[in-house]
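Enquirer: So you can see what is in the structure, the chains are spelled out below.
There are 4 protein chains.
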Amino acid sequence: MKNTAVLLLSTPMPLARKGVVAAISEFLVAHNGSLLHSDDHLDSGRDLFLSRLEWDLEGFDIPISDFDHYFKPLAEPFHIKYHLALTDYRPKVAILVSAYQHCLADLLFRHSTGELACDIVMIISNHPTAKPMADFYRVPFHLLTNPKDKRESEREMLELLGQDVDLIVLARYMQILGPHFVAQYLLRMINIHHSFLPAFIGAKPYHQAFERGVKLIGATSHYVTTALDEGPIIEQDVVRVSHRDTVEDMVGKGRDLERIVLSRAVRWHLENRILVYQNKTVVFV
Amino acid sequence: MKNTAVLLLSTPMPLARKGVVAAISEFLVAHNGSLLHSDDHLDSGRDLFLSRLEWDLEGFDIPISDFDHYFKPLAEPFHIKYHLALTDYRPKVAILVSAYQHCLADLLFRHSTGELACDIVMIISNHPTAKPMADFYRVPFHLLTNPKDKRESEREMLELLGQDVDLIVLARYMQILGPHFVAQYLLRMINIHHSFLPAFIGAKPYHQAFERGVKLIGATSHYVTTALDEGPIIEQDVVRVSHRDTVEDMVGKGRDLERIVLSRAVRWHLENRILVYQNKTVVFV
Amino acid sequence: MKNTAVLLLSTPMPLARKGVVAAISEFLVAHNGSLLHSDDHLDSGRDLFLSRLEWDLEGFDIPISDFDHYFKPLAEPFHIKYHLALTDYRPKVAILVSAYQHCLADLLFRHSTGELACDIVMIISNHPTAKPMADFYRVPFHLLTNPKDKRESEREMLELLGQDVDLIVLARYMQILGPHFVAQYLLRMINIHHSFLPAFIGAKPYHQAFERGVKLIGATSHYVTTALDEGPIIEQDVVRVSHRDTVEDMVGKGRDLERIVLSRAVRWHLENRILVYQNKTVVFV
Amino acid sequence: MKNTAVLLLSTPMPLARKGVVAAISEFLVAHNGSLLHSDDHLDSGRDLFLSRLEWDLEGFDIPISDFDHYFKPLAEPFHIKYHLALTDYRPKVAILVSAYQHCLADLLFRHSTGELACDIVMIISNHPTAKPMADFYRVPFHLLTNPKDKRESEREMLELLGQDVDLIVLARYMQILGPHFVAQYLLRMINIHHSFLPAFIGAKPYHQAFERGVKLIGATSHYVTTALDEGPIIEQDVVRVSHRDTVEDMVGKGRDLERIVLSRAVRWHLENRILVYQNKTVVFV
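Protein chains in written order, with the numbering used here: chain F, 380 to 664; chain Z, 380 to 664; chain H, 380 to 664; chain P, 380 to 664.
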């Protein structure tokens, strides 16, 4: 188990130029924090400096619960916005799923091999199909009481989720979530859309792709916002199709894409690699 | 030089089942036409049988100018629609280009190596920049007299093109062509659009892609129809981008895509590999 | 359930030119066999004509058990070698696996969704790890009695496999099989090798790839022959890596490749799409 | 024109942990050097810290010719090895080419559009074919006097190259260069090999790939060392092939790969993005 801290930060460029890297580096050295990785990005259009830093907590002489107290005097003059994460913390993840289980099966298997550093604390579904899979991987499974009633279902889900869930993964959950629900998990809820967004927004994207005669189909993982399929994109990938592929073939090829694209997004989120600003992501990989 | 014939055909499936493959195969054998390649496709949604056949003309005992006379009795009962092409015919190609020359340079170089079996008979442009390149490859270059006047320019182009041009390639020609012009070259005019259609239709697609924060950018070659960027798609490809790519980087990466995607489309058209129906293409490769 | 027949055949080109396509097409029409798909390939270097034909058995007037009797008079003058398969036959598949379960989990999940048209009749392993997964999917699991003794283990496996297994899938089975065993399942045993063959033959290919500093890693599925990692290649794919990827990262990325590449190969084999000749495959997709 | 400095450096990890990032950042701030980009990599296997830093020279108060004098006191205690480059310096590049011109045409066109920030000072060839292309782009062309005599040709080339050439690009130069020549341009000579190395080392890789029946072909750009095709790999890419591709088709597809892979390597070298150690590259992109 790694015992490191990750700091994701942004600061306006004119201030950053005045030595923000030096200031933070000195801060870490002064407190005996051995820097393991740093990656930064300069968005010149928006005049923002964005950075991800990871350092070893072995020997770091600030109690992590007091980090803000020590870091604020440095952060304020540079107008730094930051988020601190500890890599030995295992985020609590809930998975929402409908009838299709390929993304769920994939996430659960990856989790079982240690690829996803989190605790999957529950699976919620509007269909009973995923129950045996949940049981096999020993994850509590909740079937929604009244899945046809969207409002009631969202209320039930919020109750089940409680206060402790850090991340919701929509593993082909085929219901559009209302703004109240979305607001509770802003930038903490990842969806997989089965098209290369922004092409084929909305329902039945493989059918749309087939009708249009495209030569590649795609999948997109993104944070959920209230604008349908328009949240910040985390990852995308495509696969080649031809006239020989029926809609069903596309669905089959798409399943492989969806699993991989969703699992990458979830892993990067869990590894604190994603910084979101102005509806776009920077993924530090 | 190959001396072969290519037949592209479609026929309603219920008729096709009654032995269309056998009938055509027998026809070829009877006339001493040695079949080199056959490829077919069954579109079950539209109940159509589509096929591409290529045979050796060496020994084929029908004069090719009389082909219709001999083939019609076979074609009619099956309601076959067909197009016959001779591979030793070199199509006459005109290239339209604006200021960006990367696609033009690519097509001309490929042509010089023998990769594109056609005669490039003229280059027409609304900018003088491509003239030296045209001269180097010894292709007549026409600068439009009054490029700001779209109507007049299209009239001038039609005059320059005359009656003999088989294919127009829009190698980053940055003007939208009017319906009258388009109608003259329906399914005989190939465009390269610098996005993964149907995402980012219209102007400045790389800027749109940058704003949206997509993780892949693409290029699409398609036949031009009167509906902007909505003609039958011939080929598409994508390349990965990240937050590190500026709009200018995307433009640069896109150039490589555009060249490859356009040249594939042109080659397949020249090799009579493309069958269009209902705004979609079947590419027999 | 489709009720069709697939014929995979090869014939020397000089004979094929004399109307083999016409002869077979006529044969099908004469016996009321409605052709659904045909795909062919001409290997000009080896002067061979290769073809895959699929037709509807509904109404086909030859009892399939007598097919040879009817087809031989046609096949012999053309020196046709052929293999007939019925799509409603579900091949019996055995999976061999060691400690890594990602390929096994993937195959079993795909099978459960109907993507692989076969019966998985047993899993054999030299490790107990896969037993719970086998139980979940209700596939009999056999742990080798004495896994250290290769000779004895192969004897035990041959006994377990019996006479009815049509295909063996080596889903990361980490033992080299002896020539006697291989000979029993020639062109009926598919392996996944975790490199882009022929690069990095043998053990620890990801370590070899890391040491060499390659920018892409790959996976290869192939039929097993007695020459290690040199059997006919069915499918390959690659993924990009960089200096940021440790050997462990490569192993993780490779797992996704291995699953996809192996499952494609297995599906194509089950769908009778693969024709092998001279240590190469033609995959009719 | 950017007016920036790039520093590529490596330092042993145990020393780096003691604040090398902070020390360098402070150094830049102290001398009014505004950091634009930094990217680093920790090779834990070799216990090395590698970094690329780029800063604005506008206002930097150290005369660049005296950089070593000011930086050494910092570098020495950390055992930093470094290379400083100025982005407004245009490296002098020589291209060696044989009969195939696709890579040459590509490099010259990219150079003409400003994509490659260098001066192409000469083209040397053992064939006269490239002369018109060289003339068109106004690059001096040298035909080797006695191309059959390898030893004499290498002597002639060294004389032509003189002392000022910073980089040699082997744009499909089909001669193996001797150790004496290679030694003069170690890590300053980039080759394109038409295979996915280490598969298909040596001559006729496409023929080897065709014989082996691989499903993807590749291209590899690498620095030339005395071990044939074994120098540090800079970039690789692949494209899918099938049984339908003849050796000639592979050669054609490969041309597109070679152009792109070689041009990426050359651009990254010119942009000082490549750090080589222990026969591997880190490419900071």
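Among the clues, some could well be false.
Calculated cross-link-like contacts (lysine-lysine; reagent style BS3-like; alpha-carbon spacing at most 30 Å) [said to hold, decoys possible]: (1) Lys397/Z / Lys397/H; (2) Lys632/Z / Lys397/P; (3) Lys510/Z / Lys510/P; (4) Lys632/H / Lys471/F; (5) Lys381/H / Lys451/H; (6) Lys659/Z / Lys397/Z; (7) Lys381/Z / Lys632/H; (8) Lys659/Z / Lys583/F; (9) Lys527/F / Lys510/F; (10) Lys381/Z / Lys659/F; (11) Lys381/H / Lys510/H; (12) Lys583/Z / Lys460/P; (13) Lys471/H / Lys451/H; (14) Lys510/Z / Lys659/P; (15) Lys510/P / Lys381/P; (16) Lys451/F / Lys397/P; (17) Lys632/P / Lys659/P; (18) Lys510/F / Lys529/F; (19) Lys659/F / Lys381/P; (20) Lys583/H / Lys397/H; (21) Lys471/Z / Lys460/Z; (22) Lys632/P / Lys632/F; (23) Lys381/P / Lys632/Z; (24) Lys659/P / Lys583/H.
No wet-lab data here; the hints were simulated from the structure.
Enquirer: Compare the structure with each hint and give your call.
Expert: Results for each hint:
1. Lys397/Z / Lys397/H: Within the cut-off at roughly 23 Å; holds.
2. Lys632/Z / Lys397/P: Answer violated: Lys632/Z to Lys397/P is near 40 Å, above 30 Å.
3. Lys510/Z / Lys510/P: It holds: about 20 Å lies between the C-alpha atoms, which stays within 30 Å.
4. Lys632/H / Lys471/F: Holds, at roughly 24 Å.
5. Lys381/H / Lys451/H: 26 Å, holds
6. Lys659/Z / Lys397/Z: Status holds; Cα separation ~26 Å.
7. Lys381/Z / Lys632/H: 45 Å, violated
8. Lys659/Z / Lys583/F: Measuring from Cα to Cα gives roughly 19 Å; hence the hint holds.
9. Lys527/F / Lys510/F: Within the cut-off at roughly 19 Å; holds.
10. Lys381/Z / Lys659/F: Answer violated: Lys381/Z to Lys659/F is near 53 Å, above 30 Å.
11. Lys381/H / Lys510/H: 33 Å, violated
12. Lys583/Z / Lys460/P: Violated, at about 44 Å.
13. Lys471/H / Lys451/H: At roughly 28 Å apart (the allowed maximum being 30 Å), Lys451/H and Lys471/H satisfy the hint.
14. Lys510/Z / Lys659/P: Violated, at about 44 Å.
15. Lys510/P / Lys381/P: 33 Å, violated
16. Lys451/F / Lys397/P: 24 Å, holds
17. Lys632/P / Lys659/P: 27 Å, holds
18. Lys510/F / Lys529/F: It holds: about 21 Å lies between the C-alpha atoms, which stays within 30 Å.
19. Lys659/F / Lys381/P: 27 Å, holds
20. Lys583/H / Lys397/H: Outside the cut-off at roughly 51 Å; violated.
21. Lys471/Z / Lys460/Z: Holds, because 24 Å separates the two Cα atoms, which is no more than 30 Å.
22. Lys632/P / Lys632/F: 25 Å, holds
23. Lys381/P / Lys632/Z: This hinted pair holds, its Cα atoms lying about 21 Å apart.
24. Lys659/P / Lys583/H: Holds - the C-alpha atoms of Lys583/H and Lys659/P are around 19 Å apart, at most 30 Å.
Checked against the numbered hints above, the structure violates hints 2, 7, 10, 11, 12, 14, 15, 20; every other hint is satisfied.
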